[in-house]
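Generate coordinates for the entire structure from the input sequences, incorporating the hints supplied.
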Amino acid sequence: MTIELQRPVSDPIVLDDLERLSFRVDRRAYTDEDLAAQEITRIFDRCWLYVGHESEVPEPGSYVARDVGGRPVVMARGSDGVIRVFANSCTHRGALICSQPSGQARSFRCPYHDWTFSNRGDLVGVPLPDGYGPGFRKADFGLAQHRSDTYRGFVFTTFDPRQPRTLTEYLAGATEYLDLIDDQSEVGMEVIQGAQLHGARANWKLMMENSVDIYHFRALHKRYVGYMESLGSVPPRRRGGFGSALGLGHGANELPPAAARPLAYWTPMFGPEVRPRIEATAARFVDRFGPERAERITGTNRAVLIFPNLMIIDAIAITIRKIDPVGAGRMAITSVALAPKDEDPDIRELRKSHYLTFLGPAGFATPDDIEIVESCQRGYLNRTVRYSDLSRGMDKEVPETTDELPAREFWRQWDRLMHGDDGHVEVARRAEARGAEPR
Amino acid sequence: MTTELTIDEAARVRLWHRVNQFLFREARLLDEWRLVEWYDEMLTHDIRYSVPATDVRGEAPGALGLIDDDPARLRQRIEQLLNGEVWCENPRSRTNRMITNVEVLTDRGTHLDVAANVLVHRFGHGRSDAYVGKYRFELVADGESFRVRRRVVVLDHETLYEHGKLSIIL
Numbered sequence: 001m002t003i004e005l006q007r008p009v010s011d012p013i014v015l016d017d018l019e020r021l022s023f024r025v026d027r028r029a030y031t032d033e034d035l036a037a038q039e040i041t042r043i044f045d046r047c048w049l050y051v052g053h054e055s056e057v058p059e060p061g062s063y064v065a066r067d068v069g070g071r072p073v074v075m076a077r078g079s080d081g082v083i084r085v086f087a088n089s090c091t092h093r094g095a096l097i098c099s100q101p102s103g104q105a106r107s108f109r110c111p112y113h114d115w116t117f118s119n120r121g122d123l124v125g126v127p128l129p130d131g132y133g134p135g136f137r138k139a140d141f142g143l144a145q146h147r148s149d150t151y152r153g154f155v156f157t158t159f160d161p162r163q164p165r166t167l168t169e170y171l172a173g174a175t176e177y178l179d180l181i182d183d184q185s186e187v188g189m190e191v192i193q194g195a196q197l198h199g200a201r202a203n204w205k206l207m208m209e210n211s212v213d214i215y216h217f218r219a220l221h222k223r224y225v226g227y228m229e230s231l232g233s234v235p236p237r238r239r240g241g242f243g244s245a246l247g248l249g250h251g252a253n254e255l256p257p258a259a260a261r262p263l264a265y266w267t268p269m270f271g272p273e274v275r276p277r278i279e280a281t282a283a284r285f286v287d288r289f290g291p292e293r294a295e296r297i298t299g300t301n302r303a304v305l306i307f308p309n310l311m312i313i314d315a316i317a318i319t320i321r322k323i324d325p326v327g328a329g330r331m332a333i334t335s336v337a338l339a340p341k342d343e344d345p346d347i348r349e350l351r352k353s354h355y356l357t358f359l360g361p362a363g364f365a366t367p368d369d370i371e372i373v374e375s376c377q378r379g380y381l382n383r384t385v386r387y388s389d390l391s392r393g394m395d396k397e398v399p400e401t402t403d404e405l406p407a408r409e410f411w412r413q414w415d416r417l418m419h420g421d422d423g424h425v426e427v428a429r430r431a432e433a434r435g436a437e438p439r
Numbered sequence: 001m002t003t004e005l006t007i008d009e010a011a012r013v014r015l016w017h018r019v020n021q022f023l024f025r026e027a028r029l030l031d032e033w034r035l036v037e038w039y040d041e042m043l044t045h046d047i048r049y050s051v052p053a054t055d056v057r058g059e060a061p062g063a064l065g066l067i068d069d070d071p072a073r074l075r076q077r078i079e080q081l082l083n084g085e086v087w088c089e090n091p092r093s094r095t096n097r098m099i100t101n102v103e104v105l106t107d108r109g110t111h112l113d114v115a116a117n118v119l120v121h122r123f124g125h126g127r128s129d130a131y132v133g134k135y136r137f138e139l140v141a142d143g144e145s146f147r148v149r150r151r152v153v154v155l156d157h158e159t160l161y162e163h164g165k166l167s168i169i170l
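Order-wise, the sequence lines are chains E and X.
No gaps in the numbering here: position 437 of the first sequence is 437 in my numbering, and each next residue is one more.
No gaps in the numbering here: position 54 of the second sequence is 54 in my numbering, and each next residue is one more.
For the record, the hints were derived by calculation from the structure and aren't laboratory data.
A virtual CB, placed ideally from N, CA and C, is assigned to each residue, including glycine.
Do not take every clue at face value.
Said to hold, decoys possible - Distance windows between CB atoms, simulated:
{"id": "1", "chain 1": "X", "residue 1": "Gly62", "chain 2": "E", "residue 2": "Asp80", "range": "23 to 31 Å"}
{"id": "2", "chain 1": "E", "residue 1": "Arg293", "chain 2": "X", "residue 2": "Asp107", "range": "55 to 63 Å"}
{"id": "3", "chain 1": "X", "residue 1": "Pro91", "chain 2": "E", "residue 2": "Glu273", "range": "36 to 44 Å"}
{"id": "4", "chain 1": "E", "residue 1": "Ala283", "chain 2": "X", "residue 2": "Val104", "range": "51 to 59 Å"}
{"id": "5", "chain 1": "E", "residue 1": "Gly271", "chain 2": "X", "residue 2": "Phe123", "range": "37 to 45 Å"}
{"id": "6", "chain 1": "X", "residue 1": "Gly62", "chain 2": "E", "residue 2": "Arg293", "range": "25 to 33 Å"}
{"id": "7", "chain 1": "X", "residue 1": "Gln21", "chain 2": "E", "residue 2": "Gly70", "range": "43 to 51 Å"}
{"id": "8", "chain 1": "E", "residue 1": "Ala283", "chain 2": "X", "residue 2": "Pro91", "range": "48 to 56 Å"}
{"id": "9", "chain 1": "E", "residue 1": "Asp122", "chain 2": "X", "residue 2": "Phe123", "range": "48 to 56 Å"}
{"id": "10", "chain 1": "E", "residue 1": "Pro268", "chain 2": "X", "residue 2": "Arg34", "range": "30 to 38 Å"}
{"id": "11", "chain 1": "E", "residue 1": "Ala219", "chain 2": "X", "residue 2": "Arg34", "range": "26 to 34 Å"}
{"id": "12", "chain 1": "E", "residue 1": "Asp122", "chain 2": "X", "residue 2": "Asp107", "range": "51 to 59 Å"}
{"id": "13", "chain 1": "X", "residue 1": "Pro91", "chain 2": "E", "residue 2": "Leu381", "range": "14 to 22 Å"}
Said to hold, decoys possible - Here are the computed lysine-lysine pairs in the DSBU-like style, where the Cα-Cα straight-line distance is at most 35 Å:
{"id": "14", "chain 1": "X", "residue 1": "Lys134", "chain 2": "E", "residue 2": "Lys322"}
{"id": "15", "chain 1": "X", "residue 1": "Lys134", "chain 2": "E", "residue 2": "Lys222"}
{"id": "16", "chain 1": "E", "residue 1": "Lys341", "chain 2": "X", "residue 2": "Lys134"}
Here's what the structure looks like:
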């Protein structure tokens, strides 16, 4: 088995110089429509992509319809309880078989000719079947099912039938962070109803970078910091914590909280009434996990980037942010809140309230992030300035959160995939070494 | 047949007119960035200002929205907007609010339930955005005029993909 890599050496986009400790990205990466089209085929058509959380399809028959990697899909829990991801396109002529964003259905009926599919994807109804010849078999026309899998409640799919990695292998070191989030409830986590559907007139990668960039926090988000200070929460200037590269493009920041956390970390901004309840929850976590891991779950903020386009930020609330490219110069952002299913109602209200203070298109921070990435995109119109710099912390063994290691990890994987190195080679080699057939 | 209004009709027209004048003044103060005046003179001390998420549109109790301000957070929002800290509203965007289809839905004695359609044009930082929605207000009497106690703006957009953000008060 030989796999040729296409690695053009001239005209690189990512200039990663470990000797000079310089990391630069050619700004064409944000503006070039050809590169944007290549990202779809080389990244979004190959990777495992986040679809949704299993709590969004809680019962047999529940479904959501949304775009993933530019493709309309349906995530449905079949009558058999199994979650599947289907192409949202009739196998007859292609119309969407599901035009509601969410709901309950035993079957999906295409409005064009009334072809009907069960919520397990089987074609169960074709009007006027006599019109087809004897070779026509309904079994050949079931909905196209994408390979999908779930890790700790997070449902992913891949459009690459040759994707060599299982979901767990693909998530690499990011599984640790998904564990730290899903461990926050014994009965499971749930997406709170009400999605913030917004966007920006900027390249999608700018928002990925922004979401793991702690360096900008005190500069760009002065007004949020000021508001927190007015509530008695003063974030220290240097907060400690560390940034990490989790492999395969994933990265994370982990740091002590600047403010309260609704799960089990009380500060005065939450008010005295809920203090006993929050402290009792914290004690239960110590019983369940021991003091060290309990502290990491309840008393630590984290932001994890899962390549290519998922951000999970676990701080004053948990947000799941799916960032989709719309050509080179635009993006669509879907943000939802994740919370313990068994959360105390008063604490749920606090969580939602503080979520809205910071996050979303009308929060005290996110609008400035939107504006700044749009400003970067406008700045790139001046092509005289060719590169962006992401070299902070390259000389450190354990970079701080204000360094740019997670963003570099993202870009290194981006560069590998854009050069056609999608991991097939490495996984095939490993499989050969084990004497097994590559998947 | 008479063209004169009955006493009851005349009272309703007067009420409708007063409500219109109130909403128009509110729109003007917001357009002119006279936000402190708006806060001090046109809202109750227990004002709640919300913009529900565009997917559930306020139909789902317990859902997360886009804005759900109590008086403290609304006051903070105003201070930030006025002191130039809101980077995306500095320089201040120009806005133009169109209020129409004003209806007094119910007169509950203690307060009025008022509905209106609103179109807010926003221009700034090289962009022009239009926010289209419905006002659902609870007005309480304040002398000859009113104050808003509950101020819900239900957006009609399916998403804010185009707008990106909502940095003004709708």
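Evaluated hints:
1. Taking the beta carbon of each, Gly62/X and Asp80/E are about 30 Å apart, inside 23 to 31 Å as hinted.
2. Roughly 59 Å separates the CB atoms of Arg293/E and Asp107/X, a value that falls within the hinted 55 to 63 Å.
3. Checked against the hint of 36 to 44 Å, the pair Pro91/X and Glu273/E passes, with Cβ atoms roughly 42 Å apart.
4. Distance hint check for Ala283/E and Val104/X: the Cβ-Cβ separation is about 53 Å, which falls inside the suggested range of 51 to 59 Å.
5. At about 40 Å, the CB distance of Gly271/E to Phe123/X agrees with the hint of 37 to 45 Å.
6. For the hinted restraint 25 to 33 Å between Gly62/X and Arg293/E, the CB-CB distance of approximately 31 Å keeps it satisfied.
7. Take Gln21/X and Gly70/E: their Cβ atoms lie about 50 Å apart, and the range 43 to 51 Å holds.
8. Checked against the hint of 48 to 56 Å, the pair Ala283/E and Pro91/X passes, with Cβ atoms roughly 51 Å apart.
9. At about 52 Å, the beta-carbon gap between Asp122/E and Phe123/X stays in the expected band of 48 to 56 Å.
10. Our hint of 30 to 38 Å for Pro268/E and Arg34/X holds, since their Cβ atoms are close to 34 Å apart.
11. Checking the proposed 26 to 34 Å range against Ala219/E and Arg34/X shows it holds: the Cβ atoms sit about 30 Å from each other.
12. Between Asp122/E and Asp107/X the CB atoms are about 56 Å apart, so this pair conforms to the stated range of 51 to 59 Å.
13. Between Pro91/X and Leu381/E the C-beta distance comes to about 20 Å, which sits within the given range of 14 to 22 Å.
14. A C-alpha spacing of about 28 Å is found between Lys134/X and Lys322/E, which places the hinted pair at or below 35 Å, so the restraint holds.
15. Distance check on the hinted pair: Lys134/X and Lys222/E sit about 32 Å apart at the alpha-carbon level, within 35 Å; holds.
16. For the hint pairing Lys341/E with Lys134/X, the CA-to-CA distance comes to about 32 Å; that is within 35 Å, so the pair holds.
Going through the hint list in order, the structure satisfies each hint without exception.
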